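Q: Heads up: the sequence lines are chains A and B, in that order. Heads up: take any position in the first sequence, counting from 1, add 1, and you land on the working numbering. Heads up: take any position in the second sequence, counting from 1, add 1, and you land on the working numbering.
It should be emphasised that the hints constitute simulated quantities derived from the structure, not laboratory data. One should not assume that every hint holds.
The list that follows gives simulated cross-link-like pairs (lysine-lysine, DSBU-like), each with its CA atoms no further than 35 Å apart [unchecked claim]:
{"no.": "1", "chain 1": "B", "residue 1": "K36", "chain 2": "A", "residue 2": "K66"}
{"no.": "2", "chain 1": "B", "residue 1": "K33", "chain 2": "A", "residue 2": "K44"}
{"no.": "3", "chain 1": "A", "residue 1": "K86", "chain 2": "A", "residue 2": "K68"}
{"no.": "4", "chain 1": "A", "residue 1": "K68", "chain 2": "B", "residue 2": "K80"}
{"no.": "5", "chain 1": "B", "residue 1": "K33", "chain 2": "B", "residue 2": "K113"}
{"no.": "6", "chain 1": "A", "residue 1": "K86", "chain 2": "B", "residue 2": "K28"}
{"no.": "7", "chain 1": "A", "residue 1": "K66", "chain 2": "A", "residue 2": "K44"}
{"no.": "8", "chain 1": "A", "residue 1": "K68", "chain 2": "B", "residue 2": "K36"}
{"no.": "9", "chain 1": "B", "residue 1": "K113", "chain 2": "A", "residue 2": "K66"}
Here's a subset of chain A near chain B, in silico, CB distances under 10 Å, partners left out [as the list claims (entries may be wrong)]:
{"no.": "10", "residue": "Q40"}
{"no.": "11", "residue": "L46"}
{"no.": "12", "residue": "E47"}
Everything numeric in this text was worked out from a predicted model, so none of it was measured. Virtual Cβ for every residue (Gly too), placed ideally from N, Cα, C.
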Amino acid sequence: EVKLVESGGGLVQPGRSLKLSCAASGFSFNDYWMGWVRQAPGKGLEWIGEINQDSSTINYTPSLKDKFTISRDNAQNTLYLQMSKLGSEDTAIYYCALGGFDYWGQGVMVTVSS
Amino acid sequence: DIVMTQGALPNPVPSGESASITCRSSKSLVYKDGKTYLNWFLQRPGQSPQLLTYWTSTRASGVSERFSGSGSGTYFTLKISRVRAEDAGVYYCQQVREYPRTFGGGTKLELK
Chain A
2 EVKLVESGGG
12 LVQPGRSLKL
22 SCAASGFSFN
32 DYWMGWVRQA
42 PGKGLEWIGE
52 INQDSSTINY
62 TPSLKDKFTI
72 SRDNAQNTLY
82 LQMSKLGSED
92 TAIYYCALGG
102 FDYWGQGVMV
112 TVSS
Chain B
2 DIVMTQGALP
12 NPVPSGESAS
22 ITCRSSKSLV
32 YKDGKTYLNW
42 FLQRPGQSPQ
52 LLTYWTSTRA
62 SGVSERFSGS
72 GSGTYFTLKI
82 SRVRAEDAGV
92 YYCQQVREYP
102 RTFGGGTKLE
112 LK
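Starting from the given sequences, assemble the full structure and let the hints guide the process.
A: Shown next as structure tokens:
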């Protein structure tokens with residue numbers, strides 16, 4: 002069974018950084034693109050970016066390219082999202098997803114507030 | 002960026018009736034391989050999105066035949082036949098033709 006479990010969310014002060022993790026199981030992690038999507042409270046879905054199997058190609062939505070960094074550790078079957086210079090506009094549920102978007106994690110809440 | 006624009010539904014929809022959701026893209030989603038890269042998702046309240054269809058009309062694994070996607074170029078439709086209570090939620094279209102991937106704003110389906 003494919004499982005994606007996000008962690009690392011919580012309350013963070015404006016301007017600080019936070020790193021999210023997504024633990025994958027039930028499939029051959031190093032064979033798939035992986036990505037991140039977020040959803041602000043009461044709003045729609047926003048694609049953040051995705052990373053290929055060997056981390057040689059990473060694509061971001063332009064508005065987040067300078068703030069967010071996607072990485073992965075194939076030995077640990079884990080996807081990461083490093084977020085910096087966080088602002089209130091980054092308050093959202095963050096989902097990791099398999100590259101084809103056919104499997105999603107349950108999401109992790111990030112709240113940016115002083 | 003490709004802008005995705007979704008239409009609204011005349012909510013609430015009576016149970017057992019059909020509902021069609023429209024999605025328009027600002028650019029053709031046909032790729033050089035001939036496939037049209039349009040996904041549909043359903044997000045039920047409090048849940049993660051679920052992939053319904055990809056390549057415009059191919060149903061994802063385990064998805065009911067009541068869901069059918071159609072369209073071409075820049076205009077797409079998701080039809081839900083014999084609407085049931087479990088179909089309630091917000092539907093999103095998404096283009097994966099090019100980067101950045103972009104979603105429509107969502108269409109809410111409420112049942113009567």
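Q: Determine for every hint whether it applies to the structure shown.
A: Quick rundown of the hints versus the structure:
1. B/K36 to A/K66: Cα-Cα ~28 Å, so holds.
2. B/K33 to A/K44: holds (33 Å)
3. A/K86 to A/K68: Distance ~7 Å between A/K86 and A/K68 Cα, so the pair holds.
4. A/K68 to B/K80: violated (38 Å)
5. B/K33 to B/K113: Not OK: B/K33 and B/K113 at ~43 Å, beyond 35 Å, violated.
6. A/K86 to B/K28: OK: A/K86 and B/K28 at ~33 Å, within 35 Å.
7. A/K66 to A/K44: OK: A/K66 and A/K44 at ~21 Å, within 35 Å.
8. A/K68 to B/K36: Within the cut-off at roughly 33 Å; holds.
9. B/K113 to A/K66: With a Cα-Cα distance of about 43 Å, the restraint between B/K113 and A/K66 is violated, given a limit of 35 Å.
10. Q40: holds (8 Å)
11. L46: Holds: closest Cβ of chain B sits about 4 Å from A/L46, inside 10 Å.
12. E47: holds (7 Å)
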